[in-house]
Structures are given as structure tokens and as C-alpha cells.
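Start from the sequences, fold in the hints, and give me the full structure.
Chains as they are written, first to last, in the working numbering: chain E, 1 to 256; chain F, 1 to 256; chain G, 1 to 256.
Simulated from the structure, these hints should not be mistaken for laboratory data.
Watch out, some of these pointers could steer you wrong.
Identical chains share a label here; the pair holds if one copy fits it or two copies do between them.
[Stated by the list, open to error] Result set (BS3-like, lysine-lysine): computed pairs, CA atoms no more than 25 Å apart in a straight line: (1) K58 to K14; (2) K128 to K95; (3) K14 to K200; (4) K200 to K149; (5) K58 to K208; (6) K26 to K216; (7) K216 to K143; (8) K26 to K124; (9) K26 to K118; (10) K14 to K118.
All of these numbers come straight from a predicted model, not from anything done at the bench.
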Amino acid sequence: MNYVLNNIPVRTEKPRASGLTMVMDKGLSIREVEDFISANSDFVDIVKLGWATSYLTKNLAQKINLYQDAGIPVYLGGTLFEAFVIRDQFDDYRKVVQEFNLSFVEVSDGSITLSHEKKCDYIKLLSKEVTVLSEVGSKDAAKIIPPYKWIEQMQKELDAGSWKVIGEAREGGNVGLFRDSGEVRQGLVEEILTKIPEEKIIWEAPQKEQQVWFVKLLGANVNLGNIAPNELIPLETIRLGLRGDTFDHFLGDLKL
Amino acid sequence: MNYVLNNIPVRTEKPRASGLTMVMDKGLSIREVEDFISANSDFVDIVKLGWATSYLTKNLAQKINLYQDAGIPVYLGGTLFEAFVIRDQFDDYRKVVQEFNLSFVEVSDGSITLSHEKKCDYIKLLSKEVTVLSEVGSKDAAKIIPPYKWIEQMQKELDAGSWKVIGEAREGGNVGLFRDSGEVRQGLVEEILTKIPEEKIIWEAPQKEQQVWFVKLLGANVNLGNIAPNELIPLETIRLGLRGDTFDHFLGDLKL
Amino acid sequence: MNYVLNNIPVRTEKPRASGLTMVMDKGLSIREVEDFISANSDFVDIVKLGWATSYLTKNLAQKINLYQDAGIPVYLGGTLFEAFVIRDQFDDYRKVVQEFNLSFVEVSDGSITLSHEKKCDYIKLLSKEVTVLSEVGSKDAAKIIPPYKWIEQMQKELDAGSWKVIGEAREGGNVGLFRDSGEVRQGLVEEILTKIPEEKIIWEAPQKEQQVWFVKLLGANVNLGNIAPNELIPLETIRLGLRGDTFDHFLGDLKL
Chain E
1 MNYVLNNIPV RTEKPRASGL TMVMDKGLSI REVEDFISAN SDFVDIVKLG
51 WATSYLTKNL AQKINLYQDA GIPVYLGGTL FEAFVIRDQF DDYRKVVQEF
101 NLSFVEVSDG SITLSHEKKC DYIKLLSKEV TVLSEVGSKD AAKIIPPYKW
151 IEQMQKELDA GSWKVIGEAR EGGNVGLFRD SGEVRQGLVE EILTKIPEEK
201 IIWEAPQKEQ QVWFVKLLGA NVNLGNIAPN ELIPLETIRL GLRGDTFDHF
251 LGDLKL
Chain F
1 MNYVLNNIPV RTEKPRASGL TMVMDKGLSI REVEDFISAN SDFVDIVKLG
51 WATSYLTKNL AQKINLYQDA GIPVYLGGTL FEAFVIRDQF DDYRKVVQEF
101 NLSFVEVSDG SITLSHEKKC DYIKLLSKEV TVLSEVGSKD AAKIIPPYKW
151 IEQMQKELDA GSWKVIGEAR EGGNVGLFRD SGEVRQGLVE EILTKIPEEK
201 IIWEAPQKEQ QVWFVKLLGA NVNLGNIAPN ELIPLETIRL GLRGDTFDHF
251 LGDLKL
Chain G
1 MNYVLNNIPV RTEKPRASGL TMVMDKGLSI REVEDFISAN SDFVDIVKLG
51 WATSYLTKNL AQKINLYQDA GIPVYLGGTL FEAFVIRDQF DDYRKVVQEF
101 NLSFVEVSDG SITLSHEKKC DYIKLLSKEV TVLSEVGSKD AAKIIPPYKW
151 IEQMQKELDA GSWKVIGEAR EGGNVGLFRD SGEVRQGLVE EILTKIPEEK
201 IIWEAPQKEQ QVWFVKLLGA NVNLGNIAPN ELIPLETIRL GLRGDTFDHF
251 LGDLKL
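Next comes the structure, spelled out in C-alpha cells:
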């Protein structure tokens with residue numbers, strides 16, 4: 001920090017088990033990755049190469065190495081896992097993970113129809129080799145999953161070996177955890193939290209209001225994902241009560 | 001491509017006659033252009049220096065050379081053509097095109113009132129010297145042009161020498177082909193396609209939903225324009241059925 | 001300018017007393033700052049390090065020096081001033097301003113409740129040491145301040161020593177001067193202008209429609225703030241009547 005401010009909430013430190021920020025890279029150039037790391041490496045815990053953008057990324061190995069050398073694990077978006085699975089190329093997927101030395105994977109079924117048993121089998125299998133994040137929730141706005149199903153699936157995926165489960169929101173923040181308008185499905189989130197420990201969940205929350213909502217509910221050290229690279233310092237100020245939105249939240253009885 | 005995925009639609013290759021992507025640069029710095037090219041040169045066919053931003057761009061010749069040396073033709077936005085024409089400085093405009101070694105121009109009347117005959121005269125004249133793109137549709141949301149007029153103007157402009165015609169949407173994607181809300185004027189597009197060959201049209205489609213709509217209607221190799229530089233890899237994944245939106249579209253009978 | 005266009009409105013030149021553009025940097029890396037300066041230094045008069053982002057910025061001194069060496073003064077967002085004040089650390093705030101050689105500060109009360117007398121005391125005190133910008137308007141959308149209060153506060157702050165007063169809009173452009181929807185509170189702005197000289201006001205106007213509205217009302221040389229770094233050349237074209245929105249505005253009787 002560049003100066004001392006009192007009464008700032010204490011953030012967990014890297015490597016973090018909670019208070020994680022997951023950033024979505026959807027096609028940064030090599031030099032943009034360098035820039036991103038130079039300004040933000042303390043605030044990012046893990047980078048997702050969004051959906052299947054890695055298929056097209058130039059100098060992919062170099063990009064992944066840059067992140068990993070800066071202490072930031074990288075994984076390939078769940079849609080890519082699904083793209084391999086639907087093509088009956090799961091073994092090829094595992095080879096890609098190996099070839100690029102990835103220690104994390106995401107298992108999801110946002111765009112394909114997969115029995116939950118089969119999904120958990122993938123989690124079991126992959127969790128023997130790498131750290132698994134698994135995602136719950138559909139990318140299809142029309143598929144509303146009731147809260148008890150979210151909870152059941154999250155619990156089973158954690159039991160199957162997922163390190164953490166991710167609540168779906170997409171890049172836009174308008175499905176899954178959120179309504180079309182971006183508004184949080186508050187009842188859903190609260191019901192999930194009655195059963196699943198909060199440190200086991202990463203909430204995708206690309207929009208600022210969504211981030212504010214989660215920080216107000218769960219504090220500075222809530223796990224948040226799908227953050228745009230240029231929104232990382234703004235998010236960190238929201239976590240610390242240093243942006244208008246959460247300014248009052250951590251001040252307690254402090255008054256002029 | 002960084003790995004092999006089966007059942008991916010075949011994309012045309014550069015130099016493309018169809019399946020074009022036109023990107024709008026609205027003020028990138030020299031180093032940002034280098035970054036953009038390093039990550040995206042395979043996916044971009046032509047760059048437009050948006051409206052009259054070229055008037056203010058530092059190191060304009062260097063920027064244009066960077067793009068051209070990477071095999072990416074550059075042209076100046078149609079609004080600049082109009083800015084010269086309304087000031088009775090058309091000859092000065094031609095000198096600018098020559099001075100910067102541009103092989104493409106855009107002829108449009110989105111902000112000025114120009115008889116269609118006169119517009120076609122400009123197209124005829126310029127098409128003897130350079131490749132002409134001409135744009136149909138007003139930037140004024142209040143000026144609704146009926147479908148038969150779009151068709152008539154597009155046909156006459158192609159007859160006058162335009163290489164392709166561009167359907168207007170602006171940087172925001174909220175006029176011309178689209179409603180205020182960004183929604184596609186579906187009937188308009190379908191009616192145009194009954195008369196004008198699709199490979200002769202570049203659809204301005206800056207918003208993701210608009211891009212998805214056109215890819216679903218016309219396939220991976222639809223011509224799209226006004227794409228933001230950092231949305232190029234995302235667009236390419238949409239074209240290839242590798243983002244949630246179009247994931248199912250190219251899979252045919254593939255099922256788990 | 002890269003070529004000559006007639007009938008372009010005359011812009012003031014740096015250092016500008018009016019026609020100012022204030023840009024918000026919310027976490028650019030060092031190299032991004034270099035890029036920004038290389039493309040835009042003529043068009044930016046002052047940079048705000050948004051709210052308390054400076055707390056977390058790596059290489060903060062280097063960043064500030066880069067801007068200042070390019071002739072662009074830097075100040076720390078008003079929320080940071082408030083964060084120090086609410087913690088009873090005002091003296092620490094002054095030390096930060098000194099340590100980083102800042103010649104500008106912002107005094108605001110967008111997130112704290114401060115008597116207006118006390119706010120003016122801060123302005124008086126700080127204006128003996130540095131140039132003060134003070135901001136009027138709440139960040140809380142629910143706190144509607146009537147026009148006569150805006151005027152009264154602006155006048156008292158100018159009397160207390162503010163160089164200029166800033167009309168609040170936040171990063172999003174959806175409070176203070178604007179409605180939730182981003183629409184300008186037209187009556188408010190017009191009433192303010194009956195009493196406060198326009199060159200004494202910087203209007204925060206992050207959205208394009210807002211910028212267009214102010215340029216149409218007050219001309220090319222209106223003072224505008226909270227401009228995103230990559231929207232600076234677009235804004236300059238709006239000021240000059242070289243984007244569709246203001247194309248007609250400066251043409252007078254010019255007709256084809």
C-alpha cells in the first residue's frame with residue numbers, strides 16, 4: 001500500500017484459500033499480459049482463459065508461462081472442456097491440459113446436457129491429476145435451476161473432488177446467479193449459503209453492482225470471479241471500503 | 001490453432017472475399033496497434049480508423065504502415081469523407097487518401113444529405129482509383145429507410161463500383177440495421193438478403209448479441225464490421241461455435 | 001492535425017483555463033500510461049487517479065512522474081480525501097499530497113456527511129498550498145440536492161478558494177448531474193449556469209450522450225471530466241463536430 005489508512009479490512013494474502021479473485025482473460029496479447037501482471041499481480045489469484053479463446057490465442061504457451069511465473073495459476077474455461085466432451089475428445093482435452101502444464105481445470109455443463117453423475121465422474125477422474133473447479137448453473141437464461149438443486153449439485157461436486165464450486169454468471173453477468181437485468185437472485189444465494197460453506201464457492205460477478213452486493217453480504221474476503229482485467233484494482237477498492245459503494249460498510253461507528 | 005477440435009466450421013482464409021471481419025480503431029496508440037496485430041492479425045481483414053479520429057491521431061502514417069505491413073488494409077471512416085464533402089473539399093480528401101497510401105475508401109451519407117445520384121458519382125469516380133466500400137443507412141435514429149430503399153441503394157452502389165456495401169449501425173449498434181435497444185431489424189435484413197448477395201454486404205454489428213444473430217443466420221463466414229479490437233477473438237469463437245451462444249449451432253447431430 | 005479541414009471550431013490550447021478535459025485513470029499500468037500519453041497528451045489537461053485507487057497502484061510515484069513530465073497534472077480522487085477525513089487522518093492526507101509532489105487536490109463530500117462550513121474550511125486551508133478542485137453533488141442516488149443548493153455551495157466553494165468546482169456524476173454517469181438512466185438533469189444544469197460562470201465548472205460526463213449534450217449546450221470548449229482514457233480522441237472529435245452526433249452543430253449555413 002502506498003500510504004497508511006486506518007480501519008481497513010484485513011485481506012487474506014496469496015496464496016489465498018478465501019478472498020480469491022478470478023480474472024477472465026478473453027484474448028490479451030503477450031504485452032497486455034505483462035502490463036496486467038505488473039499492475040495487478042497481488043490482487044489476482046487465478047486466471048481463466050475465457051471459454052474456448054485459448055484455441056485461437058497466439059503464443060499460448062508463452063502466455064500461460066508468463067502468468068505462472070508470476071505465481072498466478074491458469075485454467076481453460078469450462079466451455080472448452082464441454083467442447084471436447086461433446087466431440088467425444090475427452091482424452092485430447094487431458095493431453096492439452098498436460099501439454100500446457102496446467103494444474104487447474106474447470107468442469108462444467110453450461111452448454112451441454114450431461115447427467116450429474118457423469119459430471120461427477122469427470123470431477124473424480126480429473127481431481128486425481130489436477131485441482132478441479134466445477135461450475136454450477138446454465139448459460140441458458142431459460143433454464144432456471146431451483147435452489148435445492150444448486151445445493152445438491154454443489155455438494156456432490158465438492159464430494160467428488162472439486163476444490164471449489166463456481167456459481168455461473170457468464171462474461172456478461174446476466175444468467176445463472178443473476179436475472180437478465182444483472183440483478184442478483186438474492187434468495188438463491190442466501191439459500192445456498194445455508195448449506196455450502198462460503199469459502200467453497202466462487203461467485204461469478206462481472207458487474208460492479210454484483211461485486212458490491214457480494215462484498216456487503218460476505219465481506220472483503222468473498223471469492224469472486226469473471227472479473228475483467230482492467231477492473232481488478234476497482235474491485236480491490238470495493239473489497240476494502242475505498243470506493244463510494246462500500247465506503248460506509250467497514251467504518252463501524254466511525255463518524256465525523 | 002493450438003489443438004485439434006473436430007467438427008469446427010471451415011473459415012475462409014486471408015485474403016478473404018467473404019467471412020470478413022472489419023475492426024474499428026478509434027484511437028489506439030502505436031504500441032496498442034502492435035499488440036493488437038500480434039494477437040489478432042489472422043482474424044482481421046480490414047481496419048477502419050473510426051469516423052474522423054484520423055484527424056487527431058498522432059503518428060498517423062506510422063500507424064497505417066503498421067497495419068499495412070501486417071497485411072491489413074486501412075481506410076478512413078465514412079464520416080470523414082462526409083466532413084470533406086460538406087466543406088466542398090473533396091479534392092483535399094483524395095489527396096489525403098493518396099498521401100497515406102490508402103487503397104480503400106468509404107463513401108457514406110450517414111450525417112449529410114446527398115442525392116443518391118451524387119453519392120453514386122463519388123463511388124464511380126473513386127472506384128477508378130481505389131477499392132470502394134459504401135455505406136447505406138442513416139446515423140439518425142429518426143430516419144427510418146424502408147427495406148426497398150435499402151435494396152435499391154445497395155444495388156445502385158454496387159453497380160456504380162462499390163466492392164461491398166456496409167449496413168450502418170454506428171459504433172454503438174443502435175441505429176440503421178438495429179433498433180434503439182440494439183435489437184436487429186430482422187425483417188429488414190431478411191428482405192435485403194432476397195435481393196443482394198450476402199457476400200457483397202458487411203453488416204456492422206458491434207454488440208455481441210448482434211454478432212451471434214448474424215452468425216446463426218448466415219454462418220461462420222458472414223461479413224461483420226465495427227468490431228472493437230478487444231472483441232476480435234471472442235467474435236472468432238462465436239463464428240466457430242466455441243462460445244456458449246453458438247455452441248450448438250454447428251454441432252449438427254452430435255449428442256452425448 | 002493530420003490534414004486541413006475548414007470550419008472547425010477553435011479549441012483553446014494547453015495550459016487551458018477553459019475547454020479542459022479531465023481523464024480518470026482507475027488503475028492503468030506504467031506502460032499503459034506511456035501509451036496513453038503518446039497518443040493523447042494534447043487532449044488531456046488533468047488526470048484524476050480515480051477515488052482511492054492510488055492506495056493500491058504499483059509504482060505510484062513513477063506513474064505520477066510520467067504524467068507530470070508530459071505536462072499533465074495529477075490529483076487523487078475526492079473519495080480518498082474523504083477516506084482520510086472520516087478516519088481523522090487529514091494531516092496524513094496532506095503528507096501524501098506533499099510526498100508525491102501533487103499540485104492539485106480534490107475536496108469532496110460525496111460519501112461522507114460534512115457540514116458545508118467545514119468543507120469550505122478544508123478548501124481555504126488547502127488552497128494556500130495547492131490548487132483545489134471541489135466537487136458538489138452526492139454519490140448517493142437517493143440524495144437529491146435542489147438547484148439553489150448546488151448554486152449556493154458552488155459559489156461558497158469558489159469564494160473559499162476552489163479553482164474550479166466539479167459537478168458529480170461518478171465513474172458511471174448515473175448520479176448527481178444525471179438521472180439513474182444517465183439522462184442529464186437539464187433544468188439543474190441550466191439553473192446553475194444562470195449564476196455560476198461556465199468556465200468555473202467541470203462537468204463529469206463519462207457517457208457519450210452526456211458529452212454530446214454538453215458540447216451542444218456550451219460549445220467545443222466546455223470543461224468535461226471523468227473521461228475514460230480510451231475515449232479521449234472520440235471526445236475530441238465530438239468537440240470539433242467530427243463525429244455524427246455533433247456533425248451539424250458547427251457547420252452554420254454550410255450546405256451541399
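Hint-by-hint comparison with the structure:
When the C-alpha separation of K58 and K14 is checked against a cutoff of 25 Å, the pair qualifies only between copies, where the shortest distance is 17 Å, while the shortest distance within a copy is 29 Å. Taking CA atoms no more than 25 Å apart as the test, K128 paired with K95 passes inside one copy only; the shortest distance there is 15 Å, against 54 Å between copies. Taking the closest pair of Cα atoms, K14 and K200 come within 25 Å of each other only inside a single copy of the chain (17 Å); across copies the shortest separation is 47 Å, beyond that limit. Taking the shortest Cα distances, K200 and K149 sit within 25 Å of each other inside one copy (17 Å), while across copies they are farther apart (49 Å).
Within a single copy, K58 and K208 get their C-alpha atoms only as close as 30 Å, which misses the 25 Å cut-off; across copies the closest is 22 Å, which meets it. For the identical chains of this complex, K26 and K216 are inter-copy neighbours only, at 22 Å across copies versus 28 Å inside a copy, given an alpha-carbon limit of 25 Å. For the identical chains of this complex, K216 and K143 are inter-copy neighbours only, at 21 Å across copies versus 28 Å inside a copy, given an alpha-carbon limit of 25 Å. Proximity of K26 to K124 under the C-alpha cut-off of 25 Å is found in neither arrangement, the shortest distances being 28 Å within a copy and 42 Å between copies.
For the homomeric pair K26 and K118, neither the shortest alpha-carbon distance inside one copy (28 Å) nor that between copies (44 Å) is at most 25 Å. Taking CA atoms no more than 25 Å apart as the test, K14 paired with K118 passes in neither setting, with 34 Å inside one copy and 41 Å between copies.
Hint compliance for this structure: hints 8, 9 and 10 are not met, and every other hint is.
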